[in-house]
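Chains D and Z are the protein sequences, given in the same order. Under my numbering, the first residue of the first sequence is numbered 1, with each subsequent residue one higher. Under my numbering, the first residue of the second sequence is numbered 1001, with each subsequent residue one higher.
No lab work stands behind these hints, which were simulated from the structure alone. Treat each hint with caution, since some may be false.
[Claimed, not checked] Taking lysine to aspartate or glutamate and the EDC-like style, the derived pairs with C-alpha atoms no more than 20 Å apart in a straight line are:
no.: 1; chain 1: Z; residue 1: K1272; chain 2: D; residue 2: D234
no.: 2; chain 1: Z; residue 1: K1219; chain 2: Z; residue 2: D1129
no.: 3; chain 1: D; residue 1: K53; chain 2: Z; residue 2: D1163
no.: 4; chain 1: D; residue 1: K77; chain 2: D; residue 2: D234
no.: 5; chain 1: Z; residue 1: K1096; chain 2: Z; residue 2: D1173
no.: 6; chain 1: D; residue 1: K53; chain 2: Z; residue 2: E1064
no.: 7; chain 1: Z; residue 1: K1096; chain 2: Z; residue 2: E1276
no.: 8; chain 1: Z; residue 1: K1272; chain 2: Z; residue 2: D1188
no.: 9; chain 1: D; residue 1: K53; chain 2: Z; residue 2: D1173
For reference, the chains in residue letters:
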Amino acid sequence: MSDARVSKSPMAPPSSFLWSRRIFLTLLTGFVLIPVYVMVSSSLKPLADVTGKFRWLPSGLTIRPYIDIWSTVPLAKYFMNSLIVAVSATVCSVVVAVFAAYAVSRYNFRGKRVFTVTVLSTQMFPGILFLLPLFLLYVNIGNATGIALFGSRGGLILTYLTFSLPFSIWMLIGYFDSVPRDLDEAALVDGCGPLGALFRIVVPAAIPGIVAVAVYAFMTAWGEVLFASVMTNDTTRTLAVGLQGYSTLNDVYWNQIMAASLVVSVPVVAGFLLLQRYLVAGLTAGAVK
Amino acid sequence: MTTTTLKEPVRGSSTGAAAPEQRRRPGRIRRIGLPYLLLLPALLLELLVHLVPMVIGIVMSFKELTQFYIRDWGTAPWTGFGNYSVSVDFDAPVGKALLHSFFVTVGFTLLSVGLCWLIGTTAAIYMQDTFRGRGLLRALFLVPYALPVYAAVITWVFMFQHDNGLVNHVLHDQLHLTDKRSFWLIGDNSFWALLITHVWKGWPFAFLIVMAGLQNIPKELYEAAALDGAGMLQQIRRITLPSLRPVNQVLVLVLFLWTFNDFNTPYVLFGKAAPEAADLISVHIYQASFVTWNFGTGSAMSVLLLLFLLVVTGVYLVFTSRGRRTGDV
């Protein structure tokens, strides 16, 4: 956690460096911006503009697509489903990760290494490997106990929260390690239990890390496609699958697709850009140390 | 990747020694039990969603698991290594297709990881110094990463359209580089469409991680190097890149695993049936399983994939760690 940030090096960079930087960053900006521009401009075009030859500039601007998206497919329902699933998965994931990271950061116990290595190695599994068994497992649990995991939001929440868990635990361990131990010892001496120390001392001191982890968990759950396409039905369908509804229709309403893509992206992109400082700080303190 | 450095004994001397015997014992039991209790939720969830399904998957790969046995998969007949021999029989259609898909995935992964790393690192190094508009540019560069996969990829689908897409408009109508409009989402071009889309979405992650890694390099190193007369390039070669080594070790591995296992990008780009030139292994197995409803063969393929990834990861870690140790000396 050194504060030594890299800023200007004492020597002014040579002009060849400045020019290569200008060229590289300009090209990269173009590469990044073009799809964003296509998304934004097409979402404001009338249908004729997006079915014919591509036009850089719209023949006229209309907000019609933004009105129509809600009726072409039940977008509001998908939106709600995604929101419920992503928020629940995020909250659960963060709570579970905080407990686990606290245990690893503050205690020595048998099996600690096995735990961290196992949890991290689950990141390596191809999703496809446990998609089929998980699908069968959920179906069978449903048949045996009547708890509907398959096709329900609950099953999806459960699945997504474990997706972000390894990274969250890993990052929070680094963050908790950077909170001075004297602080929670002082709290323990003052009569707080270990959980009191966790919630009154460690968690408040690690808020940036927790925010970063929450952002990551939310993005993971909001963007996942594979499990969403198998484990949801008509009532629990999330945006990841629902958005494809626009293109299975006879006419492909590209302006509406772009409008809908933009609408579902705004919450995550805005949230991410607002909180990216924490993510970078969290990564600096934890993951990449 | 290991964060398990040994912790110094935290407490014990301060609370333990002076306390009377009867008060210490329950405290000790609780102290021993508590970490496990804290880990329990994470452990249970990992078991339910990752580890148990993985074991089931391995069991399934030895069964003849077709649609007739889905309801009660335990009753499906055993086939021994039957599913495996079908998967790796490279003269028969199933094995041949799997091998093809494997090579496509390897090529795609090498190119994509290389490009993502290169672009991300270059951008991060160029943006190490402060300059006007740096914050804005940084936010802009993170947008592809922040976008949900389906929203980002669907935009590329639109751009790659044959008649009304931007790519053909620019290449054919405006620059006249092609005689006629090309197909991007079917045929051989689909590989490049997939690569471009994936790199566009993936490089900001490398950028983010390298950027964070750069902040841990002490400024004094650069100052000392500058005093010694080291130029910009030398500073990058001698200080920046070596200091980034541990970060890069993890970053490249993570990029490799994510890219190799990627399902979302090809699935949204091409739909359920990927063109042969862009038939990534995850989509291939998905099709082998859910389209033909043959879960046994699909599981065997997944297990083979996992074994491959395990071996590659193991070799990679041994190789890069050894290199790092000697490099540090």
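Against the structure, the hints come out as follows:
Using a Cα cut-off of 20 Å, the hinted pair K1272(Z) and D234(D) holds, with the two alpha carbons roughly 18 Å apart. Among the hinted pairs, K1219(Z) with D1129(Z) is consistent with the structure: their alpha-carbon atoms are about 11 Å apart, no more than 20 Å. A threshold of 20 Å between alpha carbons decides the hint, and for K53(D) with D1163(Z) the separation of about 6 Å falls inside it, so the pair holds. Our distance criterion of 20 Å between C-alpha atoms is met by K77(D) and D234(D), whose separation comes to about 10 Å.
Between the alpha carbons of K1096(Z) and D1173(Z) the distance comes to roughly 39 Å, so the proposed pair goes past 20 Å and is violated. The hinted pair formed by K53(D) and E1064(Z) fails the criterion: a straight-line CA distance of about 51 Å is larger than 20 Å. Restraint check for K1096(Z) and E1276(Z): the C-alpha separation of about 12 Å stays at or below 20 Å, so the hint holds. At most 20 Å may separate the alpha-carbon atoms for a hinted pair to count; K1272(Z) and D1188(Z) meet this at roughly 17 Å.
This hinted pair checks out: K53(D) and D1173(Z) have alpha carbons roughly 9 Å apart, not beyond 20 Å.
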